[in-house]
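Undergrad: Given these sequences and hints, build the entire structure.
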Amino acid sequence: MRALGIAGTAKNTGKTTTTAALIEEIKKNSLSLGLTSIGFDGEEIDNITGLPKPRLKVKKGCILAVAENCLKVSSAEIDILENSQIKTPLGKIVFGKVTQEGLVVVAGPNKSRDLHVALDKFKKMKCDMVIVDGALNRLSPMGEVDGLIIATGAAKTPDIDQLVEETQQLVKIFKIDQSEERIDWPNCATININGKKTILNFKSLIDRSSLEEIKGILKKGAGYIYIPGLISQTYFAELLKLENIKNKTLVCKNAIKFLLGGNLHEVVSNLKQVKKAGLNLQVIKKIPVLAVTINPFYPAYRYNNKYSAEFVDKKVLYKKMVQALDIPVYNVMEPVHKKELFKTVFNKLFVCN
Amino acid sequence: MKSKKHKVLLAPLDPVHDIGLKMIKRALDEKGHHTILLPPDLPPEEILNKIHENKVDTVLISRTLGYGVAEILGKFIDLIDASGLRDTIKIALGGMAVTPELATELGFDAGFGPGTEVEEAVAFVEGREYKPDIGKFVKNKKDITQRYSYKYTDKEIENLLDKITSQILEWSNNKTSPGVKRAELREEMLKTSNPKELAKLRNEYKELCDDVVKNFYENGKLHSRTRKLTKEELESLENYVAKIKARMKPNGLQHIDKNPLVFIQYGTGCPFMDIAHIKLCEAWGTDGVVHFDPSWGARTEGFFEGYITHEEDGSVITPENLLRIKKSINENVLWQVRAHRGLNTPETVVLAGNSGADLTKINIAYGSLGGGTDPERLTVDAISAIKYAAKYNMPFDVVTNEELSGVPAYKAFSGMLIVSHLALKLGGKPILQPLFCYSPEVMINGNMENNYIDFNAAKIFVLRKIIDAPIWPGAPIGFLTHTEERVQSSITTALHAGLASSLGVDAISIASSDEAFSGGPIAGASRIDTLKATKEVFRFLGNAKITPTKKAEEWAQILQENIKKILTKVAQHGNFVSALYEGLLGSREEGAYPGRAGRNTVTSKHSY
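Going down the list, the protein sequences come from chains S and Y. For the first sequence, position 63 matches number 63 in our numbering, and the numbering has no gaps at all. For the second sequence, position 508 matches number 861 in our numbering, and the numbering has no gaps at all.
Simulated from the structure, these hints should not be mistaken for laboratory data. All the given hints hold, so there is nothing to weed out.
Here are the simulated SDA-like cross-link-like pairs (lysine to any residue), alpha carbons at most 25 Å apart as the crow flies:
#1 Y/559 to Y/673
#2 Y/443 to S/187
#3 Y/443 to S/137
Derived, one-sided and incomplete: chain S residues facing chain Y with beta-carbon distance under 7 Å:
#4 39
#5 88
#6 90
#7 112
#8 135
#9 137
#10 139
#11 203
#12 206
#13 229
Just some of the chain S residues that point at chain Y, by a computed CB distance under 7 Å:
#14 107
#15 111
#16 136
#17 138
#18 140
#19 204
#20 207
#21 230
#22 257
Note that beta-carbon positions come from the ideal geometry of N, C-alpha and C, so glycine has one too.
TA: Here it is as structure tokens:
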């Protein structure tokens, strides 16, 4: 089984449209599909902007992991396969099989650990592929998937050049190398210099005391610093300046832990300093970005707390994005692109692995 | 077992709004939990550090939703998730526009929007399922007559009423009417399950009906403006009620126990629409609902049968319609079926009693002076109706709507007191229903030139000076003070409700904010207007009271003296029915016209 995450860079960047396009193609290709979300998707009207949103249409046979309350408002017929103990504000997550196609509201497990449990269940239920729909610009639970599609668009910023640059940077961060070490990584920060391992008293590098702890132990020589949690870019910048940082490898769980530690600009600027500092940056799990989907739509905010639908030039957006990225780019509103997107995802998830 | 104490971080992500969190903090502190309230507007990274440093197990975030705020909140949850802290803490979001759906989307464990009780947040912290305060939210059906002794303080009035009612009972002895006879037959029809017996009874029944009803029993022909509900409509109605019942969380209107029960009136003509109105009002807190039947129903001898719909001004009373409506009403909501004014008064009480109604409405004086029924006929019928009300244990209000035609309050009250005393003699439980209205009398005499309070208060004061009995001003309160403006109508209804509550009455009937001027069906939103407005006034006043000026006492005094004068005249006259014809309880000059419907239909019991 392969889990595919659809992560948006902002609200209304086309996550649900991308998911809907894939559902259609997966069915055509006779793969058994599992579907869930790390938030709440498939509502008729966007929860925040009040603009209409595509609702997800699911086909017969699809297995869903959704909150109990979603079943009440979905028009698809769903047989409950298993109840789980995963809680959400909309009730506990249940696993169900679609027996008659229809529209669904998908609110799934909204934290990493719960998604992990849900993906295990999907595996046992023999799904070939599980789509994890994103929520807003939330990324953290996506650390659990095997590949990502980044859905971006004018809703992030209607400035095409800026959007292209930001997307390029984002894709780059996910390219941080995967560690070759094959060990059982602990659940705490750890330093190993010249073969001497020290377990540290924190998980995330998010405060000065943790940085001081590293500083106290850091010696000359080769080795690694492992941080399983979040890496604040403020302290990471200071870490790069530490006296004995040279020849060390900083290992983090995945690129998301690094990415969330600050704004994109800080992350990019710090990454530029890594080589100079003599540090090597690695992740335990590389989450490949399989494709980028683009959406020219953006909700323009009006003074009276209302939004209106606007669009940037889709051709210009597409062209510039293709030029800037070395991975496939699709506008999923185009029928041809839908097929292409599926082919790309399928090849990268199943054939290349 | 000692309950676990939690360490809770309360963080207002909002620049200013942290009142909710402060209220929750106080409740948590009182329960011995360790709380840390952060100053407003700290950056998410700093809050993350505080969670980490203080090793809390629960985090409560407050934030009013606005442009771009969802992104900030989503990012915040992402930070917590990525740091690994998400697995060790519970985190909830509260604020304006927050819903469980939004909380799910943003990755929180719970979302608390406007109207959240502090207890709900405390339950979240303690990992308990939130159970709304039972006493506060579950309605209990109240018998508003229960705490009254019906003892007279004014013995002079009691003696007069005794004399008048004895005269009435003596006069009525041996008299009967088609209405009385139909009620007896209906009771037997409801009891029997033998089809032959039923057919025989129905045959007898139809002979006592007007042609239009007789035509129904003989040829199945309905009244011209009605039709039967179809099978599909009935099925759809059943589904609708089941769905609404499953979803509904009944509300309460009262802020303190002393606030009166609130009744609304329905009668769209269509049972389906009536039920929709009932369910809507139940959801917004009504304590009781009053069934209005069409005016032709009151002037026609006999009732139809079946599920009948589409009359214009009230819902047709049939055994089936009443049962269907009863089935749809929340079990804790009171149901009144009016029987007060027409040719079917005793039978209405029989049907109401058999359909499970809690209350009915009977008044001879209004029914015959303002309701169009012959006084003689209605007196005979009302005595029978009162006996049925006593039998089915249904208290009933004695309305004084003749005031709206121009009859002065003291005369209307005299009529009300006579009927109430008659009821007490026959084992009934009457409820006094003075009008809280801007009546022709006060317009002419200027009693409300300065305020709407004093004269209404005087009405309550005088009744209290006379008898210890339940009082239910109506119907609806503020009548004739309403205009076509919804805000004005809601305010005037609510203020009259506040006055009624302040005077310690037991119940009130309220109109919708478009009732007086809708010129057609009432809109659901207008019902909510006055229910909400009434609730707000109850909340506003609490135990505080509206103080009438000294005029109220003066007028109460005058009313009492005038009531005595009228009752003395009626007693001296020696015949209540004749007193009605002659205008002692409201004259033609005042706008009261003895009704003609059912004239000359009273007969000796032996003639049947």
